[in-house]
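Residue numbers (the working numbering), protein chains in the order written: chain A, 2 to 310; chain B, 238 to 597; chain C, -15 to 265.
The set of hints was computed from the structure by calculation and includes no laboratory data. All figures in this text were calculated on a predicted structure; none of them were measured in a lab. One should not assume that every hint holds.
Stated by the list, open to error - Ranges of calculated distance between the beta carbons of each label pair, as one might list FRET restraints:
1. C/Ala17 to A/Ala104: 46 to 52 Å
2. B/Pro325 to A/Leu108: 37 to 43 Å
3. B/Val253 to A/Gly71: 30 to 36 Å
4. B/Glu352 to C/Pro243: 27 to 33 Å
5. B/Leu542 to C/Lys150: 41 to 47 Å
6. A/Ile156 to C/Pro243: 40 to 46 Å
7. A/Gly203 to C/Leu14: 33 to 39 Å
8. B/Pro325 to C/Leu249: 25 to 31 Å
9. C/Ala17 to A/Ser276: 49 to 55 Å
10. C/Leu249 to A/Ala104: 53 to 59 Å
11. C/Leu104 to A/Thr66: 33 to 39 Å
12. A/Gln199 to C/Lys150: 20 to 26 Å
13. B/Glu352 to A/Leu211: 58 to 64 Å
14. A/Pro164 to C/Pro41: 36 to 42 Å
As the list claims (entries may be wrong) - Listed next, the in silico DSS-like pairs over lysine-lysine satisfying Cα-Cα at most 27 Å (straight line):
15. A/Lys51 to C/Lys123
16. B/Lys338 to C/Lys123
17. C/Lys(-1) to C/Lys253
18. C/Lys154 to B/Lys338
19. A/Lys68 to C/Lys(-1)
20. C/Lys(-1) to B/Lys367
21. B/Lys367 to C/Lys253
Quick reminder that beta carbons are idealized off the backbone N, C-alpha and C, glycines included.
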Amino acid sequence: MTDVTLSPGKATAAVKRPTGASIGPRWSNALFVAPYLAFYLALLVYPLFKGIWMSMLQSDMFDDTSKFAGLANYYRLFNDKVFIGSVWNTIWFVVMTVPAFVAIGLLLALALNRSDRTSATLRAIFFGTSVLSVTIVTIIWKMMYMPGNGAIAGIMRFFGMEPLAFTTTASLALPAIAITTVWWIIGLPMMLFLAALQQIPGELYEAAALDNASRWRSFWSITMPSIRRTLLVVVIYEIVAQFQLFGQALLLTQGGPNNASRPIVLFIYEQGFRSWNLGYAAAASEILFIIMAVAALAQFFASRKRVEE
Amino acid sequence: MSSIELDSVSKRFGSVEVISELSLTIHSGEFIAFLGPSGCGKSTLLRMIAGLETVNGGEIRIGGERVDHLPPGARGVAMVFQHYALYPHMTVFDNLAFGLKNIGTPKEEIARRIEEAARILEISHLLQRKPGQLSGGQRQRVAIGRALVKDPKAYLFDEPLSNLDAALRVRTRVELARLHQQTRATTIFVTHDQVEAMTLASRIVVMNARKVEQVGTPMDIYGRPATEFVARFVGSPAMNFLPVQVRDRGGLASAMLGDGSVIDTDVPADALPAGAELRVGVRAEAIRVRQDGAIPGKVEVAERLGDRTHLHVRLMDGSTLVAEDTGISQVQPGDAVRLAVEGATAHLFDAAGLAYHARQ
Amino acid sequence: MAASERIVGRGIGNKVILASVVLVAIVWMLPIAWVLILSFKPNSELMISTASAFHPPYTLKNYTDIFQTSGVFRWLWNSAVVSVGVTVGILILSSLAGYGFARAEFKGRDVIFILVLLGLAVPEQAVIIARHQIFSDLKMHNTYPAIILPGLSSAFGVFLMTQYFKAIPKDIDEAAMLDNASRFKIFWKVLLPLTIPAQATLGIFSFLGAWNDYLWPLISATKPEMFTITVGIASTQTNFAQSEGLGFLMAQAIFAGLPVFVVYLFFQKYIVRAVAGAAIT
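The following block holds chain A by itself, in its conformation from the complex (with noise of 0.2 Å):
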């Protein structure tokens, strides 16, 4: 450093009255979150409570009234054989999906965690699908299905057995729909479980090596306590997520055959919007609510015991 010659202060504060911020609370610091939140006022708190308040309303397409009827759409819908079927319909599809979703979202991301090209090029690949939309996937999937010139049609008559019908068997719309959506983004789960991997110090395993750990020994006990916490949330969000099926069963069995297949979402879209039973499908959606909360919350409180013990 050389000589100062700082020219003497023109008391540079004068030359214009500071507007600057101060610390602490200041009522036009709300400014910032206000537009959002009129946002979330509108569009999300009215209508969940619009929605609780249609929900106890009968309305009448024709004269375009409604009037007050208490918890009677809430007591049709529990003598609603179709309604207490989409909500066996869905808990069934989140017990075949989401299982898998963990399974081999885990598997994946364990075989793909390198940092190798081939591995780049199939973690790419198996996350692709997810990025399509859930028109393009029934479409894909139809192609599949179909009983007479799909694809798994094909294959299975060329190894000489007789087709399946799986979009229109009873039985096999639900698990068909599940396949579809399990390969349409078992992509999320993999990078979650991907992410949560990284995070393992490499040391680890080069500890447990030098202490002869075996390859699946190394999985039990560094990778799985390691992991815990994405576990849940992979388990959660796709509890959630599942809970809320939809495209894929009104693009690929409009609910069929015969109710087999119907998801609660599907049936609220019906009554809702094919229907106009509208105070009906409010009921169902809030019942819907409930039951995720009550799943999210029941997942949450177990994983946490679990981990407390």
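Given the structure of chain A, go ahead and fit chains B and C onto it with the hints provided.
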């Protein structure tokens, strides 16, 4: 340049009082260091002056004007942050210009000031780079430059050297000292490093556990520490403390160690609290190995620093102390030595940690 | 896990695993390959059997037909408008709110933030009936705003941006305060430029989400000229089995999937990072 006055300022985080009723006057042009261990409140105090923490009680005045209700930008101070806090997406020039633009300084004036500051700090060739392309030392200079261009009423440094490597830290320290000698700017420098405080500051404020332990010149702090905390915190190796029995020796106190040997101090005996438990405090450089030394002991560890050697010696009564020997000391661990204490520099401390010194 | 790749004695095991995953990946791509092949076959041949897929003749007619007959372009345009609208809206609202919740204190802020987070737990289906009613009352269905606006109420982006703003060292804001910058200037000039990676992440996420959204556009847009591509393609496939256009439908699917696929190829790094980031937050 302006003076800074703190008038019984207090600070609470929730229900925890982190600074209570602290008063301090920093003279115009003074270089003052806030020294203390982490968590002692020194950074909080600095940030209160800057306006980055609210003040729960008392007043802060800069240049006579009360500022504790003004936003940070209106206080006319500049701060150099520990992690520099440069704007990562702006060039060095824009980093320096940002504050001046915000108060509507004319373009030519901004350019002139930046050019000048860059020349002083030798960063002229870096003006078009971004902070990510600079080394730690260069970022440090830019951070100082950002303060310099504002021509502030006071400079506030928050542990600015702690992120530099050892060699660079020493060099920057010297440059800061030179810069201050040239600008004569009021400066507050927060550090936990006693060497930085000792070498840079004209006065040091030693803080511990939210209060001021001592305010004084570096040599005051070193030579006449007000409390045991200051004595232990300043100086390396830390001052030796040994319990003693005190006797009056013609008005001055003589301290008898546990092994029966005596250190004749210059501390006036009548100043000492009667019948109190006392300890003697002696720095290592006042304890030498001498054949006629009064205190026998056995060397356990010899730390060779090149210019001197620190000997960790166990005394007969089992207590230990650190003595200093020459760099070419032949003493080996296990050797029996005799130590001579320069009693004139010894201090006495009471149970509360309060110090008693020789008359000046 | 570069470290464990190197552990001696595991090379063969690793190779076997990788080889099996390659096989699985090939099976994974078969459905797409199948549709791709079919899209190049003349419709007349597919009417008889899809077994002819592996022999010529192949044709581009299905693709050229798209340009002449279908509403695909209108739908693509609608999807683009809707997706860009949703994305820009979410980025603006989430950035402002994220900065507010992370940095700009006001009374009651933390309570409001928790209430917003609770919004993450409300599924779209729980509010869709009421939303439909609201837009009906406003006579806004079959307009772009009706399709776009509900997407802006999602709390996800706010949450993501809040976390991101919180991770930026606070001394940057403090330096700006000492530099006399106003609240908005600190947001706009100092912190926002530092969130560009998060903007990219959230932007791509929102764009893909809006592009692929099915339920709300299906309900809100009932006129074919307001369909998004996702709804539009769905509308053509419901009765395709009887129709003459199996190959044409396949070509439409491929064509409609192309834009997102290109986005995916270009932004794969960001998309992967977004997914990984969402896991950590």
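Is the straight-line distance between the alpha-carbon of C/Lys154 and that of B/Lys338 27 Å or less? holds (22 Å)
Verify the proposed pairing of A/Lys68 with C/Lys(-1), using a straight-line Cα cut of 27 Å. violated (68 Å)
Quick one, are A/Lys51 and C/Lys123 close enough, alpha carbons at most 27 Å? Given pair A/Lys51, C/Lys123 holds - Cα atoms ~18 Å apart, limit 27 Å.
Measuring from beta carbon to beta carbon, are C/Ala17 and A/Ser276 in 49 to 55 Å? Since C/Ala17 and A/Ser276 have Cβ atoms about 40 Å apart, the given range 49 to 55 Å is violated.
Just to be sure I understand the hint, the distance between the Cβ atoms of B/Val253 and A/Gly71 should be within 30 to 36 Å; is that true here? Roughly 53 Å apart at Cβ, these two residues miss the hinted range, so it is violated.
Can you let me know if the beta-carbon spacing of B/Pro325 and A/Leu108 is within 37 to 43 Å? Cβ of B/Pro325 to Cβ of A/Leu108: about 40 Å, so the range 37 to 43 Å holds.
So the hint says 46 to 52 Å: do the beta-carbon atoms of C/Ala17 and A/Ala104 match that? violated (25 Å)
Do the Cβ positions of B/Glu352 and A/Leu211 conform to the proposed distance bound of 58 to 64 Å? holds (59 Å)
Taking the beta carbons of A/Gln199 and C/Lys150, is their distance inside 20 to 26 Å? This hint holds: roughly 22 Å between Cβ atoms.
A/Ile156 versus C/Pro243 beta-carbon gap, inside 40 to 46 Å or not: violated (31 Å)
Should the hint that A/Gly203 and C/Leu14 are 33 to 39 Å apart at their CB atoms be regarded as holding? holds (35 Å)
Return holds or violated for the Cβ distance of B/Leu542 and C/Lys150 against the range 41 to 47 Å. holds (45 Å)
Hint compliance for this structure: hints 1, 3, 4, 6, 9, 10, 14, 16, 19, 20 are broken, all remaining hints hold.
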